[in-house]
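A.B. asks: Below, each chain spelled out in residue letters.
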Amino acid sequence: MIEQLPAIQLLLTLLAAPICSMLRNGDQSWRLATIVSWASVAIAGALLHQVWGGGNDISYHMGGWPPPWGIEVVVDELTAIVLLLVTLFGALVMTALRESLSTIMRHQRQSLYYTSFLLCMASLIGITLTGDAFNVFVFLEISSLATYTLIARGRDRRALTAAFRYLIMGTIGATFILIAIGFMYMLTGTLNMADLAERLPEHRDSRVLHASFAFFTVGIALKIALFPLHYWLPNAYTYAPKATTAFLAATATKVSLYVMIRFVFDVYGVEFSFQQMQLGTLLVPLSLAGILIASLTAIFQSDAKRLLAWSSVAQLGYMSLGVGLLNLNGLTASITHMFNHAMMKAGLFLALATMIYRVQSSQLTSLAGIGRTMPLTTGAFTVLGIGLIGVPFTAGFISKWYLITGALDKGWLPVAVLLIISSLMAIVYIGKMIDVMYFKPAPEEFSNVREAPMSMLIPCWIFALLTLYFGLDTRITAGLAGRVAANLLGAS
Amino acid sequence: MNHTLIYASFLTPLIGGALLLLLRKNENIRDAVSIITATALFGIVLCLYPTILAGNTPSVTLAEPIKGLGLTFTVEPLGLLFATVASGLWILTTIYAIGYMRGANEPNQSRFFLCFAISIAAAIGIAFAGNLLTLFVFYEMLTLATYPLVTHKGNEDARRGGKLYLGILMCTSIGLLLFAVLWTFQLSGTLDFRAGGILQGNVSPTVALILMTLFAFGTGKAALMPFHRWLPAAMVAPTPVSALLHAVAVVKAGVFTILKVVIYIFGIDLVAETGAGNIALWVATFTLVAASIIALTKDNLKARLAYSTVGQLSYVVVGAMLANAAGIVGAAMQIATHAMGKITLFFCAGAIYVATKKTEISDMRGLGYKMPFTFGAFFIGAVSIIGLPPMAGSWAKWHLMMGSIDASQWVIVAALLLSSLLNIAYLIPVAARAFYMSPEQTVNPGRAVIEEAPLFCVVPLCLTAAGCILLFIFGDALDHLIGLIPLTRAAP
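Sequence lines, in order, name chains X and Y.
So for the first sequence, this note's numbering puts the first residue at 1; every next one is plus one.
So for the second sequence, this note's numbering puts the first residue at 1; every next one is plus one.
The hints are simulated quantities; they were obtained by calculation from the structure and are not laboratory data.
Please read these numbers as outputs of a predicted model, since none were measured by experiment.
Note that beta-carbon positions come from the ideal geometry of N, C-alpha and C, so glycine has one too.
One or more hints might be untrue.
Said to hold, decoys possible - Capping the alpha-carbon separation at 25 Å, the derived lysine-lysine pairs in BS3-like fashion look like this:
1) Y:K370 / Y:K357
2) Y:K163 / X:K432
3) Y:K25 / X:K440
4) Y:K370 / Y:K358
5) X:K432 / Y:K153
6) X:K410 / Y:K67
7) Y:K153 / X:K440
8) Y:K298 / Y:K357
9) Y:K298 / Y:K163
10) Y:K298 / Y:K358
11) Y:K163 / X:K440
Stated by the list, open to error - Partial list, derived from the structure: chain Y residues whose beta carbon lies under 8 Å from chain X:
12) A63
13) E140
14) T151
15) I174
16) G175
17) L182
To be verified - Computed list of chain Y residues with no C-beta within reach of chain X, every gap over 12 Å:
18) A104
19) F373
20) L421
21) Y436
22) L470
Between the sequences and the hints, there should be enough to build the whole structure, so can you do that?
C.D. replies: Structure below.
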């Protein structure tokens, strides 16, 4: 049983999805989906426990076929933490989803929504687990398709254009990745990642491999919304319905970043990617530009969801910058921030969705004075916002600390200064929202809104408390990330 | 035992704050909770004295998220002095605030007292912080907790003042102070406050100079020019806030931080050898003269007091940057004695406002006969600020003078003397005008009727005035406590 866990992890959500679509009762399918997602959390936890400490990676052969012929599933510490991220935050959002959806969707329609949600989760799990390059593409496509459906379900008509734009961008990205994988297959005749990693170095001067790397970089940059390929993200996040944004913000881009780290470090190899192809020279300036421009844009938004979406673009810049720094502290920061940001941003979007549940608008003007009418939700939002800013002893601080230390390790003083400036900007845009929520008088029609129902409030507060917890106990986040980073860099 | 006391000192105000929020329905009980909390805190701080006087420095670490960087509390003499001043004056301010807030019929009193309690918790956190990072967190917490107090009136003026307040304090602390903290960590690998400093041997004179300047300006709460504008802006707050926070807790937290950095991060030997404090020293000297001159031009009593505070804070910075024993003793004494004197003056300003609604000095002619206790206390406080015996302030000024003579800084000696003259010129006329000039319209030319502010207001200000005299008489005890501050590295 224990050795079958990786397969169960994947199949559980994948099989639950069609069952969900067959249940016509929205409540029933919600129950099923919630139970399944919490079961996946338990499995992810068990997997993390098994590989904890490094050195005992799991290799599972699908159907008993040994690699490189069969499909291999590989679980190491990085995989396990990303799995935990996807399942845990997904499950928390799923728990809050029923109340959130009840106001915008008829009962029968809901089960289809849960189906896409589960499919999306399953495909993200698949991307994370698989040790096969082609499978990454397959699951990437499934996740994209599921995501389009999720976004297009928004009540606002503009959700359709947002979904369409994402469809175009996402397809281009996935196609590029497919081309990259195809080239690699052409050169080596294998699709197994470990196998690829062994065989690619002999082709290091081949133009095909260079082209493959270029296609991969652009494709994945689209997926992680690396500046300036981020244009699909703010719209997609803004018009996606309610709590869905929380799930997407937490998981989709993070998993893409995971794919990037896997390919760049493990498949292509550090030396090829950074010495020969100079990936760092590309990532660092683009990330910095993204951080600053997106933060600045966030400051001038009047829609809370859009503001947080722009902040996501900036925060993704932190992660890609950490990769670009290519040192222990930088990479640790990236992986830590992947987890921390997923947690904080999911929490923020969820708290926001909870407010929108009551006031039916995400304009800052309608959220004025909500600190008085919905004190518990706003409290959670404030804690999470403080975490996002990176106040010491919250989760956000840990990743920023490693990132700045990483920049200073390189002797890049201006980068450290820019990072601090971007933190100031984060204070401005988070502060702006908190200021509106607490200190502006509530508009007349919203002066009587009540506190949100418990099923939404509790997940919000779990996110908030986790933000505080992971600011103090960093064994799971930075501790693990440090080991993984040393491993990735040492493999070169 | 000591650990419990440290936890208790930090938690007491927070628990008190929560309690008063729960009991807000009955305002008598709520205010009683405030007073009891304040008294309990003062008691706890006093209980720490035997240990400190015996030469121990108890320390407790709550969590250590990044190796070598924890949430640590350490009690040492300087911090204990600051904690004593803040908690002791909190009792009196609470009593005063109850009288003031009820007398002036201010709204939102529960929020007011809650934020007050949080501010004090933050001040205690600053006082007992065991490393720079912990200090930084509580420094920011103090800024944020006092923001609702500054904007308490909620009108356009208050909001504008609040923006300036938050803007300057946040920008300096994150832009400069945090950067200095990071740099220090990069240079020395630790942020702990240690006797004799941690930077010795890790910095070149140029870096030391830049770093010290960053610290001095980054600590915006110390109100060095040109970052002093927030202090006059904060005077839109109700007077008890100005009294405790902008004469004691907030501003003293600023200069306390600078003192801590000089003593425990740089070590006075390093500062003296490398001249690291030179820029800060001259800026502070300029500030203490310039602020006094500006104070002369202000007719609004609170504005005049605010500029006086800006000037007096620079005394502490000067003392710290002189980097000799007498300078440090003078600076530490100035923290205590100026707090006592300035809070008296602010209490008086508030009492005058409550009793007569007057805020301009030119309107206060002849008020001395109506409010003899208030103006008597004002006179005593003023003399103490100026630094004339037999008032407490004289000790601080004396040691500072000795310090600058020791360092052969004759320009500074001259500046200190000039500033004392200016102090006389802007403080004494307030009292003189009230006692020696006749009121504008004498309704009843016979004996003036005493119309003091409510007893809640008058008693505290008489007590602090008495405190000014007592601190002079018992200056010895103060000297003994300050003498325990370890100025050099302990012999191995």
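A.B. asks: Now, for every hint given, state plainly whether the structure supports it.
C.D. replies: Outcome of the hint check:
no., hint, verdict
1, Y:K370 / Y:K357, "holds, 14 Å"
2, Y:K163 / X:K432, "holds, 11 Å"
3, Y:K25 / X:K440, "holds, 24 Å"
4, Y:K370 / Y:K358, "holds, 13 Å"
5, X:K432 / Y:K153, "holds, 20 Å"
6, X:K410 / Y:K67, "holds, 20 Å"
7, Y:K153 / X:K440, "holds, 13 Å"
8, Y:K298 / Y:K357, "holds, 18 Å"
9, Y:K298 / Y:K163, "holds, 22 Å"
10, Y:K298 / Y:K358, "holds, 15 Å"
11, Y:K163 / X:K440, "holds, 14 Å"
12, A63, "holds, 4 Å"
13, E140, "holds, 7 Å"
14, T151, "holds, 7 Å"
15, I174, "holds, 5 Å"
16, G175, "holds, 6 Å"
17, L182, "holds, 6 Å"
18, A104, "holds, 21 Å"
19, F373, "holds, 37 Å"
20, L421, "holds, 41 Å"
21, Y436, "holds, 45 Å"
22, L470, "holds, 39 Å"
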